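Enquirer: Here is what each chain is made of, one letter per residue.
2 protein chains.
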Amino acid sequence: MNVALIGYGKVAKALARLLAAERARFPFRIVAVQTRRGTAIDPAGVGEAPDFGPPLPDLGEFYRRAGADAVVELTPLNPVDGEPAIHHIRTAFAHGLHAITANKGPVAHAYAGLRREALAAGVQFRFEAAVMAGVPVFHMVRTGLPGCAILGFSAVLDSTTTVVLEAMEAGLSLEEAVAKARTLGIVESDASFDLDGWDAAAKSAALANVLMDANVTPQKVDAKGIRRLTPEKLADLKSKGKTVRLVSRAHRGKDGVKLRVRAEVLDRDDALANVRGTGNLLLLETERLGTLGLMASSLGPAETAYGLFSDLVDVSRYLPPKQ
Amino acid sequence: MNVALIGYGKVAKALARLLAAERARFPFRIVAVQTRRGTAIDPAGVGEAPDFGPPLPDLGEFYRRAGADAVVELTPLNPVDGEPAIHHIRTAFAHGLHAITANKGPVAHAYAGLRREALAAGVQFRFEAAVMAGVPVFHMVRTGLPGCAILGFSAVLDSTTTVVLEAMEAGLSLEEAVAKARTLGIVESDASFDLDGWDAAAKSAALANVLMDANVTPQKVDAKGIRRLTPEKLADLKSKGKTVRLVSRAHRGKDGVKLRVRAEVLDRDDALANVRGTGNLLLLETERLGTLGLMASSLGPAETAYGLFSDLVDVSRYLPPKQ
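Residue numbers (the working numbering), protein chains in the order written: chain A, 1 to 323; chain B, 1 to 323.
Some hints could be false.
In this list, chains with the same sequence are indistinguishable; a pair is considered to hold if it fits within one copy or across any two.
Keeping only pairs whose Cα atoms sit at most 35 Å apart, straight-line, the calculated DSBU-like set for lysine-lysine is [as the list claims (entries may be wrong)]:
1) K10 - K240
2) K180 - K240
3) K242 - K13
4) K180 - K242
5) K233 - K13
6) K254 - K180
7) K258 - K224
8) K254 - K13
9) K220 - K10
10) K10 - K224
11) K180 - K13
12) K13 - K240
13) K240 - K220
14) K258 - K242
15) K220 - K233
16) K238 - K254
It should be emphasised that the hints constitute simulated quantities derived from the structure, not laboratory data.
A quick note: this is a predicted structure, and the numbers were derived from the prediction, not measured.
Okay, chain A solo, but in the shape it has when bound (with noise of 0.2 Å):
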C-alpha cells in the first residue's frame, strides 16, 4: 500500500520509522510528503529524510502525482473550526483516497459530514489516534461491542494539564509547571488550548461524535480549564486525601449529548484520580457491560504513530487485490 502524508512532525517520523520496521508483515510505503515548505514525491519510498522540492501549491495536484492508496493527515488542531485538516481530507475522498488521521479536528467539528463523504466516495476515513493515541478506542465500539449503545462516558485525556497539576500539587507554580511539562514534550505549541480545557473539548466532541452520534462541536462543550488552581489549594486538598484532574463528562440529555469538561476534586481512590503523567483512562458507560474502561499509562508520538499504523493496517483490507 502507498502512503502520502500531509505533514512531517515528531508523529510524521515515528510513523515513518514504524513504517520501516514492520516493511516484512506490512508492505506500506510513504511515496509522497506535502508541507508547507515543501513536496517530496517518489514512487520507491520516500525515506526516512525525504528529499523535499519546493511546494506543490495545490493540494488536488499532489494527490494526483502523489500515486498513493491512503492519506495520512498531521497538520496540528486548529481548535476554532478543524481547518485546514477538514479540506485535506475531503480533497483526498474526492481523489478517491482512503483518509487518516491523528487530528481529533475532522471528527470533532464535523464527523457525521465527512463520514457520509467518505461512504459517497467509497473509500474510508480512519482516526483512531486522535484520541488516546493507539488505544484502539474507536476499534473497540465500531466492532467488539455490537448491539450495545454508549450512554455516555468519564475520562481523563489530556496529558498536559495531568502533568501540571501532578508539578503544581508538588509545589511548583503554574507557570514553572507549564515549563516543566514543556520540557518533556507534550505540550500544545499554545499550552492555552490545554489549560483552557480546549484540548479535552475537542477530544470529548471526538468521541461524543463518534461513539455517541451526538453531532457536536468543541463550542458546545461546557468546559472549564484549571487555571483557577493554586499549588496551595492543591496542597491543602492533597492532605485531606483528595486531588485534581481535568475530567471530561458526557451523558445523553432530553435535548441531546451534554458534554463537560472540568477541573475536578477526587478522591484519592478514583480511577480518574489515578491516572499519571502522559496516562489517559475513558470509562465508558454501555449498554450491556456497565462501565467499561480503557486505560493507557503513558502516550507520546511513538504510541500515536501506531494509532494511524493500526488504522492504515485495517484500510489495507479494503484494497483491490493486486492484479
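Knowing the structure of chain A, use the given hints to seat chain B on it.
Expert: For chain B alone, coordinates are given in the frame of chain A:
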C-alpha cells in the same frame, strides 16, 4: 443464524433473553438445547422455556438433528482437564459447526489444538466470554492491535475472591465471607476453585494461550489462593493503607511464558487494589502501547451472555449468503 446450546443454566437463560430482545437487528434463533436431563429441538425456535424431551444419548446425533449453524457450549468449568467441554467443541467442528464457549477450560487446556482443528474444519472458534465476560479482550487483541505483541499481563480476574477479601477486611471470617459471596450468586458450585486460585489460574492460562501463544495448562500456573489470610491480618494491612487482591501475572521468560497467581499485598493507589466487588481489571504489557488496561465495574451472567452474543455476531459474518 440458527444456534444450538449445550447446557441451560443462568448464562444460557440470559442469552435466550438477550437474543429475544435483539431479534429485530440480529436474527439469531435458538433451535436446539442439550442438557444432561433433556433435549429440546424446534426449528421455529425453542422459546425461553424450552420443551425438553428425554436427552439424546449421542452428541453427534444431537448436532445432526439440531439444524444449527453454531453451537454455544455452556457446561460448567472442569478445571482439571477442561472436559467435557473440549469434546463438545471438537465434535461441533467435526460436524461443520462454528463453536462458541463461555467456558475457560477449553482455551486454558487445549487452545492450540482447537484452533488448528477449527481451521482445518473451516469453522470459527470463539470464547470472548471465558475471561472478563463480554469485555472484548480477545477481540481487541486479535483485530485492534496489529503488529503489537503482548509481552505479559497483570490482572484481577476472579470476582469471588475480591468479594470475600472485601468482606473479611470488614471483619467477617472466611466462612462468613464465602456465605455472603454465595448470596450474590457469584461463587462457583465448589468455592475451593476460587479460594485456592484455580479459577484465576485457568483464566490466566486462557489469556496466555490466546494472547501470548503460551501453550500452557492451568496446572503449569504457580497458583496460591487466599486461605492463609485472616480478618485480623487484613485489618492490620488496611491500617497501613494496604489491601489484598488475588493477582494473576504473566511474563515471557527464557523458557516460555511464566504464570503466577498470588494474594498480593497492594498499596491503596495501585490500580489492581482499586478493583471492587465483581469488577475485573486486565493490564496488558504491550510491544507498542506500553501498559494498556481493560476494566469492567461489574460482571455477572448478563455480561457473560453479552460476550456470547458478540461472538455470535462475529461468527454470523462467516455464514454463506442466503440463497
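Enquirer: Indicate, hint by hint, whether the structure satisfies it.
Expert: Results for each hint:
1. Within a single copy, K10 and K240 get their C-alpha atoms no closer than 40 Å, and across copies no closer than 45 Å, so neither meets the 35 Å cut-off.
2. For the identical chains of this complex, K180 and K240 are neighbours both inside a copy (26 Å) and across copies (33 Å), given an alpha-carbon limit of 35 Å.
3. Proximity of K242 and K13 under a CA criterion of 35 Å is satisfied in neither setting, with 40 Å inside one chain copy and 44 Å between copies.
4. In this homomeric assembly, K180 and K242 come within 35 Å of each other (Cα to Cα) both inside a single copy, at 23 Å, and across copies, at 32 Å.
5. For the homomeric pair K233 and K13, neither the shortest alpha-carbon distance inside one copy (40 Å) nor that between copies (53 Å) is at most 35 Å.
6. Taking the shortest Cα distances, K254 and K180 never come within 35 Å of each other, neither inside one copy (43 Å) nor across copies (40 Å).
7. Taking the closest pair of Cα atoms, K258 and K224 come within 35 Å of each other only inside a single copy of the chain (15 Å); across copies the shortest separation is 47 Å, beyond that limit.
8. In the homo-oligomer, the alpha carbons of K254 and K13 lie at most 35 Å apart only across protomers (33 Å), although the nearest pairing inside one protomer, at 45 Å, exceeds that limit.
9. In this assembly of identical chains, the alpha carbons of K220 and K10 lie at most 35 Å apart only when taken from the same copy (30 Å versus 44 Å across copies).
10. When the C-alpha separation of K10 and K224 is checked against a cutoff of 35 Å, the pair qualifies only within one copy, where the shortest distance is 29 Å, while the shortest distance between copies is 47 Å.
11. For a Cα distance limit of 35 Å, the shortest separation of K180 from K13 inside one copy, 24 Å, qualifies, whereas the shortest one across copies, 56 Å, does not.
12. In the homo-oligomer, the alpha carbons of K13 and K240 never lie at most 35 Å apart, since the shortest distance is 44 Å inside one protomer and 47 Å across protomers.
13. Proximity of K240 to K220 under the C-alpha cut-off of 35 Å is restricted to the intra-copy arrangement: shortest distance 34 Å within a copy versus 45 Å between copies.
14. Taking the shortest Cα distances, K258 and K242 sit within 35 Å of each other inside one copy (26 Å), while across copies they are farther apart (38 Å).
15. Within a single copy, K220 and K233 get their C-alpha atoms as close as 29 Å, which meets the 35 Å cut-off; across copies the closest is 52 Å, which misses it.
16. Taking the shortest Cα distances, K238 and K254 never come within 35 Å of each other, neither inside one copy (37 Å) nor across copies (44 Å).
Hint compliance for this structure: hints 1, 3, 5, 6, 12 and 16 are broken, all remaining hints hold.
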